[in-house]
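Residue-level listing of the chains:
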Amino acid sequence: MTYLYAAYAATWIIHIAYLATLLSRYTRLRNEIRELKTVREG
Amino acid sequence: MKRAFPILAVLTAALLSFALYEALVVAPTDQLQGDVYRIIYYHVPSAWTMFIFFLVNFVASVVYLIRRNLKADAVAVAAAEVGIVFCTVVLVTGPLWARPVWGIWWTWDVRLTSTLVLWLIYVSYLILRRFSSGGQMPVLAAALAVFGALDMPLVYFSIWFFRTQHPQPVVGGGGSTDPRMLHIWLINWAAFLCFGLLVFWSRYRLEVLRREVEEIQAMESLREA
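Sequence order for the protein chains is A and B. Sequential numbering of the first sequence, starting at 1, is according to my numbering. Sequential numbering of the second sequence, starting at 1, is according to my numbering.
Worth flagging that the hints you see were computed from the coordinates, not collected in a lab. Where hints are given, some of them may not hold.
To be verified - Pulled a few chain B residues facing chain A out of the computed Cβ check, cut under 10 Å: (1) Leu-24; (2) Tyr-37; (3) Tyr-42; (4) Ile-84; (5) Val-85; (6) Pro-100; (7) Arg-210; (8) Glu-212; (9) Gln-217.
Fair warning: this is a prediction, and the values are worked out from it, not measured in the lab. For each residue, glycine too, the CB sits at the ideal point set by N, CA and C.
Please work from the sequences and hints to get the whole structure.
This is how it looks when you write it as structure tokens:
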């Protein structure tokens, strides 16, 4: 059962880690858009 | 799609939970392998989903090479990334199943080795996209993707053409799979495919947004100059 749980856990760790990288890239882009808006308005 | 996304995400989460329940509770225990065989309810659907995304990458790369369509290029990069994630799952869950069943984590058998090569090809595709610049980069990446896709039939058909340690195919392999097992496989595949499509859509939107921001930044730099 250890291998079974390890495999299922590893699957979700991989997917969640990837989703976290997507989220961080979205956040970085949103900050860049905000900076661009500030530059344009300023 | 933007409005439907949260609803689809909730439905996918429900389907994934149901698929997990079916795999862990409902599926019959294998007479030879015991419960550890349940790993294949994640391993096989992940492999099928991986093939679909690498196929999308191949088609989008061909479209880009023919028409220089930027949307096709964005689809290609998003599909490659999601495909790599599923390929990683395949390469991690496979050895976790092999250790208790075969007694070894890994063997340099054709199916396993060609899958590892496939993973390396798409990782190099992403590295090429990440660290090279210039107008020719998407063309080079698309060409690499087209050549890389040649490994896919080798991975898929290796268990037919070569003597391998890897088990025979679940569907169409001539074996006798319990219909309940096949049913649960398909439920898990549907769940992972829905999940993969949602992740792919998010990655595609991110790519489109990133390109828009880069374009605006370039225009701003030109204006300042």
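May I ask you to test the interface hint for Pro-100 of chain B with respect to chain A, counting a Cβ-Cβ separation under 10 Å as satisfied?
The hint holds - Pro-100 of chain B has a Cβ within 10 Å of chain A, the shortest such distance being about 5 Å.
Status of the hint placing Glu-212 of chain B at chain A (closest C-beta pair under 10 Å)
holds (9 Å)
Just to be careful: measuring from the Cβ of Ile-84 of chain B to every Cβ in chain A, is the smallest value less than 10 Å?
holds (9 Å)
Classify the hint on Val-85 of chain B as holds or violated, based on whether any CB of chain A lies nearer than 10 Å to its CB.
Status holds, d = 5 Å.
Taking the closest Cβ pair, is Gln-217 of chain B under 10 Å from chain A?
At 7 Å from the nearest chain A Cβ, Gln-217 of chain B passes the 10 Å test, so the hint holds.
So, as I understand it, the hint says Tyr-42 of chain B touches chain A; can you test that by seeing if any CB pair is closer than 10 Å?
holds (5 Å)
Answer holds if the nearest beta-carbon of chain A is closer than 10 Å to that of Arg-210 of chain B; otherwise answer violated.
holds (6 Å)
Close enough to count: is the Cβ of Tyr-37 of chain B nearer than 10 Å to one in chain A?
holds (9 Å)
Interface hint status, Leu-24 of chain B versus chain A (Cβ within 10 Å):
holds (8 Å)
Violated hints: none; the structure is consistent with every hint.
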